[in-house]
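Line by line, the protein sequences give chains A and B.
Adding 50 to a residue's 1-based position in the first sequence gives its number in this note's numbering.
Adding 17 to a residue's 1-based position in the second sequence gives its number in this note's numbering.
Note that these hints are calculated values from the structure, not bench results.
Treat the hints loosely; a few may be bogus.
Calculated lysine-lysine pairs in the DSS-like style (CA-CA distance at most 27 Å, straight line) [stated by the list, open to error]:
#1 B:K94 with A:K154
#2 A:K154 with B:K74
#3 B:K48 with B:K198
#4 B:K94 with B:K48
#5 A:K53 with A:K345
#6 B:K94 with B:K77
#7 B:K231 with B:K48
#8 B:K198 with A:K228
#9 B:K48 with B:K83
#10 B:K231 with B:K74
#11 B:K83 with A:K228
#12 B:K94 with B:K74
Here's the letter readout for the chains.
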Amino acid sequence: MKKRTVTYALLILSVLFPLFSNSSWITIGTTFVIYSIVSLSQDIVLGRAGMFDMGHAIYFGMGAYTTAILNSTYGVPVLLTIPFAVVIPVIFAVLLAAPIVHLKGDYLLVATLGFNIVFEQALKNNLFGITGGPNGIFGVGVPSIFGIEFSSQASIYYFSLFFLFLTLMIMNNLEASKTGRALHFINEDSLASETIGINTRFYKIFAFAISAALSGLAGVAFAVQYSTVSPEAFNFIQSVLFFTIVIVGGQSSIPGVLIGTFLMFVVPEIFREFATARYFVFGIAMILTMILRPKGIWPVKFGRIPKYIRH
Amino acid sequence: MDNDRLLIVEDVEVSYGNIQAVKGISFDVRKGEIVAILGANGAGKTTTLRAISGLHKIEKGSIRYKSFEITSVPAYKIVSIGISHAPEGRRIFGTLNVRENILLGAYTMQSIDDERLHWVYSLFPRLQERQNQLAGTLSGGEQQMLAIARALMSKPEMLLLDEPSLGLAPILVKTIFNVIKEINNAGVSVLLVEQNARLALQLADRAYVLEVGKIAISGSTKDLLSSTKVQEAYLGKKSNR
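Full structure from sequences and hints, please.
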């Protein structure tokens, strides 16, 4: 009961947030919302299915670039680019994941890292002449509906927040679904899951696909928020960041991942005046978290998880 | 005659990269039998089981179960056709409780059969006592029981057991072997992989002895127990000569 109250309070707070904040705080809030979506989607692959995906920025970037290219270069309205920005990352996720999901831990990590490096190079080298090379693409418009433009920072915040709510809804359903269960079992013991009749390969690829879809959505919001996309925003360092957020925050824990994102993207903004020293503090904080709370800041409570296989 | 052959393995070869672990073996399991595969570490016992249950691809040869050709059927489908595999090293879900682990064995079933659950609990009363305990906190022997219990929930006609005695106290091994006999008496055919040759030969009807990926000796366990070759190599008895 109490947990539910807190959840609703936070949801209401997130909706009311722009009303009592200035535009620079709303910008930070928007960033938080966008990166939360990516981190939560990373958690589906990393935290829930237990696959060490170190290339998650690819799907985020594909979503952002799809919207940027279609909107800026071809003049497609932002809202109409959304289906493409979701479907294209999903197709690539399935194609990239299919040959590597059988790899274990560190091997998968290196393979996905490799994909991310290839992806960044493809963007930088202006593949097919549509990615704009090292500078990326400028001048992404804002979404508009019935002639009303979402041009204010607050409206972009709400645009992104809508995606975050969608993501939270999907994550919530996943937790209670057969698929979510299967991912948990696969994470715990892939071989045992297979012997009880779970199609592990299918669910692993599915995890990549759904996670890429959500990252693609975040990508749309990113392109709108910054009205520009460039390769650096989606290189493997970003993937490392998403990976770290999930580990530091708490695997398969929604509050954990949100706290992780908050620490990585919002706290550094609060301590902006300390300039680069904040990352120094930050690195140490990461190390301490892993030593003191190896399961993350807000770990998920196992033992409670299986309530969904009640007989 | 051929009808009571439940599982037929023919000329199966399996490799890990360049290393051939199973070098062309053939054997069968008849309805209602307990068949043991014996052999030292690295003889290819576990690989053979994994090949049958689809966990490892076969290079050559064929595997048939009843009238199905199951040579290239993936592992997750094998359960639904009636073969259940309790893999080596127990492989239970430590973050779930005992009852949930057992119920998960019925993952492929439409619903959970209470009668079956009662039967499984009657085989392993200890698991019923601990049904709400987290599986990760069970002792080794109890985890092994749990692995077998889980494998039974899909109502298999054939049970593949990989080293059920591994790392267990002798008294627990005895308990588990007695239960395997009981399971067999209920009509489940058992293919058992074991290093503990003496116990396995006492339990099984027939046995195959693997040596570096090939079947070296085979026959009824009665014959094998009295064969000097088996006694010297696997039961540690010296001949008087």
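Structure-inconsistent hints, enumerated in ascending order: 8 and 11
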